[in-house]
Structure formats: C-alpha cells, structure tokens
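Number of protein chains: 2
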Amino acid sequence: MGWLHAGHRALIGRARAENATTVVSIFVNPRQFGDPADLERYPRNEARDVAICAEEGADLVFAPSVDEVYPPGHDTSVRVGAVSAPLEGAARPGHFDGVATVVAILFNLVGADRAYFGQKDAQQLLVIRRMAADLAIPIEVVAHPTVREPDGLAMSSRNVHLSPAERAAASVVRRALLVAREAWSTGERSADALRATMRAELSHEPLAEPDYVSVADATTLEELTTLDGSALLSMAVRFGSTRLIDNEPLP
Amino acid sequence: MGWLHAGHRALIGRARAENATTVVSIFVNPRQFGDPADLERYPRNEARDVAICAEEGADLVFAPSVDEVYPPGHDTSVRVGAVSAPLEGAARPGHFDGVATVVAILFNLVGADRAYFGQKDAQQLLVIRRMAADLAIPIEVVAHPTVREPDGLAMSSRNVHLSPAERAAASVVRRALLVAREAWSTGERSADALRATMRAELSHEPLAEPDYVSVADATTLEELTTLDGSALLSMAVRFGSTRLIDNEPLP
Chain A
0 MGWLHAGHRA LIGRARAENA TTVVSIFVNP RQFGDPADLE RYPRNEARDV AICAEEGADL
60 VFAPSVDEVY PPGHDTSVRV GAVSAPLEGA ARPGHFDGVA TVVAILFNLV GADRAYFGQK
120 DAQQLLVIRR MAADLAIPIE VVAHPTVREP DGLAMSSRNV HLSPAERAAA SVVRRALLVA
180 REAWSTGERS ADALRATMRA ELSHEPLAEP DYVSVADATT LEELTTLDGS ALLSMAVRFG
240 STRLIDNEPL P
Chain B
0 MGWLHAGHRA LIGRARAENA TTVVSIFVNP RQFGDPADLE RYPRNEARDV AICAEEGADL
60 VFAPSVDEVY PPGHDTSVRV GAVSAPLEGA ARPGHFDGVA TVVAILFNLV GADRAYFGQK
120 DAQQLLVIRR MAADLAIPIE VVAHPTVREP DGLAMSSRNV HLSPAERAAA SVVRRALLVA
180 REAWSTGERS ADALRATMRA ELSHEPLAEP DYVSVADATT LEELTTLDGS ALLSMAVRFG
240 STRLIDNEPL P
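Read top to bottom, the protein sequences are chains A and B.
Counted from 1, the first sequence has number 6 at position 7 by numbering that gives the first Met the number 0; the numbering is strictly sequential.
Counted from 1, the second sequence has number 216 at position 217 by numbering that gives the first Met the number 0; the numbering is strictly sequential.
Worth flagging that the hints you see were computed from the coordinates, not collected in a lab.
Because the structure is a prediction, the values reported are computed rather than measured.
All C-beta atoms in this analysis are idealised placements derived from N, C-alpha and C, irrespective of residue type, glycine included.
Each hint should be verified, as a subset may be incorrect.
Partial pick of chain B residues on the chain A-facing surface, computed with a CB cut under 8 Å [stated by the list, open to error]:
{"id": "1", "residue": "Ser-76"}
{"id": "2", "residue": "Asn-107"}
{"id": "3", "residue": "Pro-137"}
{"id": "4", "residue": "Glu-139"}
{"id": "5", "residue": "Ala-142"}
Which bits of chain B does chain A cover? Going by a derived footprint, with three or more residues having C-beta under 8 Å, they are [said to hold, decoys possible]:
{"id": "6", "region": "79–87"}
{"id": "7", "region": "119–125"}
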C-alpha cells in the first residue's frame with residue numbers, strides 16, 4: 000500500500016536474496032477501507048516509494064491505477080471464511096474481503112512465484128495463505144518477521160500520524176506483548192491471565208485505548224481458554240485517531 | 000461435469016483445432032448444487048467419459064476428487080455480483096457462487112490459455128467471463144454454439160432423466176424460442192409480447208411447466224421492456240422432475 004518503511008525494505012531485500020526478479024506492487028486498495036476518511040488520510044508518496052524501491056534494488060514497481068485493478072463493471076469478490084471473522088475482521092467489516100480480492104487480482108496480474116508479507120499483519124497473512132491455497136493460485140506466500148523501531152514499535156505506514164506524545168506512548172504495545180510472552184515462558188497457560196497481563200501493561204499508558212487484546216489459536220484465530228499449542232498474542236490499540244496493531248506468535 | 004454428450008464433443012473438437020494441447024476437466028461440483036438430491040441424481044460415468052475424450056482426441060483428462068479441489072479446511076468463495084442474481088441465480092440460490100469458485104480453482108489448477116463453454120448455459124458464460132476478467136486470470140473464455148438433437152432439444156446431461164413422453168414434449172422449449180425469434184425478426188420489439196409468445200407456445204405442451212421465461216439485456220441480464228439492442232431470450236422449463244434450460248441470443 001505504499002509509504003514504504005524499513006519493514007518493506009526488509010521484504011524487498013529478502014525477495015531479492017531468494018529470487019531472480021523482484022517486483023514491488025504499490026496500490027492503496029479502496030475496497031479494504033470501510034471508512035472513507037481512513038482511505039483519504041492514508042499516506043501516499045509514489046515518487047518517494049519508487050526511490051526506495053530503486054535504493055533497495057527492486058527490478059520493477061507495479062503501481063496500477065484504481066481503474067486498472069478494478070476496471071469499470073468490476074463485480075467479483077473473494078471471501079475467506081472463519082479466519083477472516085474475528086479481530087481485524089470484526090473491527091473492520093468487509094476489510095478482509097477487500098484484501099482477499101485485491102491480493103488475488105495482484106497475484107494474477109504480477110504472476111509472481113513468491114509473495115512476501117510482514118508478520119505484523121498476522122491475520123492478513125492467514126487470510127492470504129488461505130485464499131491462495133483455496134483458489135489454487137500457484138504462488139508461495141512467505142512471512143517475514145516484523146521490523147521494529149529501536150523502542151519496539153512495529154514499523155507501519157500509519158505511524159506517521161502519531162503526535163510526538165502518542166509516538167512515545169505507542170511503545171507500550173510491544174511492552175504489553177513482551178510481558179505476556181514472558182509470563183508464558185515462565186509457565187502461564189491461562190489465556191485470561193495473559194490477556195489480563197497485557198491489559199494491565201496497557202493501562203499504565205494513559206494515551207493507549209485498547210480496541211481488542213487477544214490470545215488465540217495461531218491457525219484458526221479462535222480465542223483460547225488454555226494454551227496447549229501454538230498461539231498468537233495480538234492487539235489493536237488506539238492512540239488518538241490512529242489505530243495500531245501488533246502481535247507476538249508463541250510456538 | 001461429465002456425462003459427456005455431443006455438445007462436449009464439439010467443445011473438444013474446437014479446442015483441438017485452436018490449441019496445441021486439449022485438457023478436459025470432469026468434476027461434478029458439489030458446491031453448485033443447492034439441492035443434495037439433485038447432486039445425488041446427477042449422472043456420472045467416468046469410464047465412459049474418458050473413452051469419449053479419447054475418441055475425440057483430447058490429450059488429457061483432469062478428473063480430480065472432491066478433496067483435491069476442496070482440500071480439508073477449504074474456506075474461500077468467489078462471488079460475482081449483478082449478473083449472477085436473476086434467472087438461474089434466482090432459481091438456484093448459491094449456484095453461481097459455487098460455479099465461480101470452482102471455475103476459478105479449475106482455471107488455476109489446469110493453467111489453460113483458453114477455456115471452452117457451451118452457449119446453452121448463457122448466464123454461466125457471463126458469470127465466468129466476469130469472474131475471469133475481474134480476478135485477472137490469464138485465460139480466454141470461448142463460447143461455442145449450443146449443439147442440439149434433431150428435434151432442436153439442446154444437448155444436456157440432464158436429458159437422460161426424461162421419460163419417453165417427457166423427451167418428446169421437451170422439443171417445445173426450442174420451438175418456443177424460435178417462434179419468439181421469428182416474431183422479433185418480423186419487427187416485434189415489445190419484451191412482454193415476446194414473453195407472451197413463448198408462454199403461449201409452451202402452453203400447448205401439457206407436460207411443460209415453465210419456471211421462468213425471460214427477455215433480458217444480453218450483457219447485464221436485466222429484464223427488458225423494449226428491445227433496442229442485443230438481447231437474450233431464455234427459459235427454464237420443468238418436465239416432470241427434470242428442469243431444462245435453453246436460450247436464443249438476438250443480435
């Protein structure tokens with residue numbers, strides 16, 4: 000979606016290391032924004048993005064117009080079921096239908112052998128893996144670890160909207176995930192206890208307004224009672240008008 | 000969907016004439032049957048179908064199991080909008096979601112350059128063209144004229160279910176379309192008049208129970224009031240427990 004940051008740079012670097020040719024798609028997809036104001040304020044700067052792609056050695060930038068991706072009369076949507084429903088799907092109705100549809104189109108337009116996505120959008124990754132496998136699109140979906148600022152804040156194009164105070168406060172998201180991970184690594188297996196740990200940490204930061212705090216099955220994203228396999232800690236937290244998400248997988 | 004007839008033979012012949020390699024997919028798709036009894040009674044004979052493909056010179060038969068097309072956990076659907084809604088879409092809720100989904104999967108699994116479909120399923124053709132274009136699947140969808148029995152009955156795998164009396168009666172479908180076409184060619188431009196012409200012809204056959212009789216825009220399938228461009232005459236008619244469809248495009 001453009002407004003490239005160090006996370007995207009890492010994806011380009013990984014793609015270059017593992018493939019003969021690297022294409023970067025840049026497309027702010029109107030169909031995955033429920034709120035027109037959110038679409039309107041999404042940061043864009045194609046010239047800057049193209050310069051970053053050149054710096055990182057990408058071979059090609061694919062930056063289609065909205066009409067190229069959705070020609071007049073376009074009337075098809077792709078929907079992924081259960082894994083789209085909770086968390087971001089519940090908070091943003093229609094969001095993942097828009098994601099699944101545009102990614103199917105981009106996969107087919109680009110014809111890539113592999114596609115690289117950041118782990119920060121963990122649910123998006125699950126939705127895209129499910130879609131590509133279920134529609135038999137011949138592409139390998141590769142997850143790359145979240146790239147972070149020195150204080151732990153996950154790289155996101157939305158970070159640009161944070162005021163200096165909100166930016167300082169936003170590091171609590173990563174801290175909350177890490178205290179829960181620490182509790183887990185010392186033996187805590189109650190999902191409610193881990194959720195309470197994350198909420199307690201967030202409550203120390205007055206600017207943080209939690210949207211959801213989740214301890215879910217890492218594959219289905221169903222909320223857990225007891226952790227007895229791999230799990231995903233995740234949360235969405237508002238800082239003023241900016242909503243940030245982050246997550247921590249537990250093996 | 001198998002139970003190959005002369006219409007399929009014509010598709011194979013055309014595909015062979017226009018391409019280096021011809022693949023025939025045979026898959027009775029459970030997701031496009033709303034009624035489990037209809038799925039159950041759909042005729043199947045893979046050995047006979049494979050022999051017909053060999054006779055016609057197909058290079059490869061792709062006859063996957065249900066689990067190959069929909070592996071466990073499959074949870075993605077493709078939906079085409081407005082053109083899916085009327086006629087067969089209204090009569091068979093969910094039918095075209097099942098068609099669009101399975102055809103997207105088959106297109107991706109087979110990787111064909113062109114795909115051949117019979118004009119008999121005119122709405123299906125429109126749905127598949129829309130889906131393939133909208134998802135940017137790199138395939139050309141080719142329509143082939145309906146192949147008919149000597150009395151005009153359109154070839155269909157479902158014809159096998161007709162009793163001898165129903166089989167004799169079923170030729171009324173083609174006659175009804177042709178009397179409407181004749182009225183059109185002599186200047187009739189009222190859609191209601193054409194619908195009445197078709198219904199009057201069907202009413203002469205006691206075994207024919209019309210489901211719908213349509214005069215619609217050839218691209219959008221919206222019902223017309225006045226014909227001032229290309230149109231599609233179409234109908235669905237029951238003969239006992241067998242439901243047949245047919246159509247006649249007007250240029």
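Violations among the numbered hints: 4, 5, 7
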